[in-house]
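Undergrad: What follows is the residue order along each chain.
2 protein chains.
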Amino acid sequence: MNAPSKRQLNIGAFLMRHGHHVAAWRHPDTDLEGNVFQVFKRQVLAAEKACLDAVFFADSVALTNGVPALEPLTLLSALAAVTEHIGLIGTATTTYNEPYHVARKFASLDAISQGRAGWNLVTSDNAIEAQNFGREQHVGHAERYARAREFYDVVTGLWNGWDDDAAVNDKAHGQLYRPGSVRRLDHHGEHFSVAGPLNVARSAQGHPVVVQAGSSEAGRTLAAATADVVFTAHPALPSAQAFYRDIKQRVAAIGRDPDALKIMPGLFAVVGQSEAEAQDKFAVLQELVQPEVGLALLGRMIGNFDLSGHDIDGPLPELPLTNDGQRSRQQLLTNLAQGENLTIRQLYQRIAGGRGHFTVIGTKQTVADQMQQWFEEEAADGFNFMAPQLPGGLDDFLQGVVPELQRRGLFRTAYAGSTLRGHLGLPKPGRAHA
Amino acid sequence: MNAPSKRQLNIGAFLMRHGHHVAAWRHPDTDLEGNVFQVFKRQVLAAEKACLDAVFFADSVALTNGVPALEPLTLLSALAAVTEHIGLIGTATTTYNEPYHVARKFASLDAISQGRAGWNLVTSDNAIEAQNFGREQHVGHAERYARAREFYDVVTGLWNGWDDDAAVNDKAHGQLYRPGSVRRLDHHGEHFSVAGPLNVARSAQGHPVVVQAGSSEAGRTLAAATADVVFTAHPALPSAQAFYRDIKQRVAAIGRDPDALKIMPGLFAVVGQSEAEAQDKFAVLQELVQPEVGLALLGRMIGNFDLSGHDIDGPLPELPLTNDGQRSRQQLLTNLAQGENLTIRQLYQRIAGGRGHFTVIGTKQTVADQMQQWFEEEAADGFNFMAPQLPGGLDDFLQGVVPELQRRGLFRTAYAGSTLRGHLGLPKPGRAHA
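Protein sequence lines correspond, in order, to chains A and B.
Each residue of the first sequence is one higher than the last, beginning at 10 in our numbering.
Each residue of the second sequence is one higher than the last, beginning at 10 in our numbering.
The set of hints was computed from the structure by calculation and includes no laboratory data.
Treat the hints with care, as some may be off.
Because identical chains cannot be distinguished in the list, a pair is counted as satisfied if it fits within a single copy or across any two copies.
Capping the alpha-carbon separation at 25 Å, the derived lysine to aspartate or glutamate pairs in DMTMM-like fashion look like this [unchecked claim]:
1) Lys180 <-> Asp38
2) Lys50 <-> Glu93
3) Lys58 <-> Glu145
4) Lys180 <-> Asp404
5) Lys180 <-> Asp40
6) Lys437 <-> Asp38
7) Lys15 <-> Glu296
8) Lys180 <-> Glu42
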């Protein structure tokens, strides 16, 4: 084994119920009958054995694609009880939550896991979610981001209202906390009024890691100002490099240390013993895609448009700029379809796996080569791995690619610490002492 | 061991960070330094070993008494991962939550635990919580209960939007769920508009058990119509009997089976090898009560009044009827003070342990005798045990009183099933089939 290079990759496992390929659930690998928690538990234990930084769960507060999903905070708390090192990152929307609840639940997960929690801060961008929270239409883009920024301020304000060393636990003198170590917030803003203090103390990592995935102008501004980790979707090196450079420059411009924000693109990889075997594995999944499912996926990703009236073997129609769904993803996909002259069917097949994320199909060396190139050529500080199907697609990565990266000195062979912030090399936030 | 009688007790363990006595944290038993989750895990495993029906956590969405508390859903999910049989009941307020979130989180806990979740439905009744959610003052009593009723309708409507047998998991034909087995709710009411469907499927018990603790007229009406379990506070047999009779009559009057609602008063018990040892154990705790802590506890319990200006060794002043805090608890305590001519100090000492709940200090036989009397004389279907301090006060109960009840055939010696609904003998709700 080579001596580790100075800088190493950070790797998360982005888990979904059946895997990321839209037809994953039809794959023979997928366990549809087992208890969902037990299924995830086996995957997370495998990821921890491979020393991954974290597992990551997306979320939707609606039944958006016919597949139910456990709520991330409850699922991650259960996983916290059966793991010791791996980070636990969950998504919670700022659009239909209250900041006190979000601050508290993540602080609670952080306490239970002894400093391994991460909050993926998102905004909710579709009518399907809106209609579960008393609205006919979703909230507009600018308004969502203004609310998200204030939401972040309240949540971190509540977390930082406790000093690290608040507890004195003095039974004899009847004093639990040092006076002045727990402070009210008294926030009065445009969207929220929150008095505080929070009723959960600090964790071993201070407070949870903050993750974001916005790619729009407003999303980048928010991420540069507030995120510890940025997840992002790029199909190829140049756009990933441009994004990486832009975010790091924005971070530096406001006086933050660029190394204190980690950029981790999604990576959808199908790993085989040979290139041909990898292609065959991918073909198995592609053949399981039902046209109506492919159309629905594509419709959602270009901004919640119904494509069912269009010729599946004709070109993508002209679409108005979406305010519903992810604008930058819509742009990425329309550019792809126009640039390569793809039919609707070809386009949905192209996104049936990685949904526009960096996609590699090949041997463990091929995948490791690509990751190394992105890492060394300033497109990524690490990756959020998206298994095609579970558990097989994850096992292929953990047992093939991760050891190859370790052999190259690009990834840890043992955990050096026990907090997520420690794995990511991030500084501890807030006030340590009075 | 006697053959079990036809009807047996249900017993829950109502856990708080240090125990229920207001000075519990100063007791030598209490572990202030350990990881909170690990501390609770040991207690819950002990309760499961004793075959208790459930553990129960209260909640406050504010730092109300200077003691932080993990958020119940995250804590219970972590406990679900390390237990197999015991029920997991947590509190969530209807006043400052959205029903979609609450339905989802409890359904998620129910899935993770394979049918052991319970939701303690409460309303929030103080300004300290209100101020964390954008309000200067708490919501009024009638308004809270109207919202709670509609909240319940939405949550159970979402839960019952899935059939028990929805999953078909047909990979070959590309069908995950039977058509028609997952339904929208399309609720449009005074407080909420929620489209649904929920994005979590049914659990082994159908959906979570619903628990309530309101004792006011509005609280009783709501409980009779909707609750599976009612927690309640009564210092003595007659008031417990009257409450039991009233609730069971209300249940029957609206056509529900009275046996399908279990009434479980709180029980604060200090257990000793002898009566004298039990009294000594209680005295240790009473001597640890700081006057300012006792005054603050009393002030909260009579409706959030500040008593610090009054002579601690004088009588309780005349107080207006509270809209803030629990009205029925205020009534109970003012009656107690007037009836026995208690000073403020004597009154807070009286509630420093059980806060007005049924209190027994004695041997395991004494405690079991009292429980048996309440059970046989129609004051209780079971009890929610409140340990004075943890873990010692719980261990005394589990290792002394529970075996005594088992010896008398009043409590199970092994779990017959694996769901909370099964332990409680409650029917499975909702639609099993299309």
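Undergrad: Of the numbered hints stated earlier in the document, which are not met by this structure?
TA: Numbers 3, 6, 7 - these are the hints that the structure violates, sorted from lowest upward.
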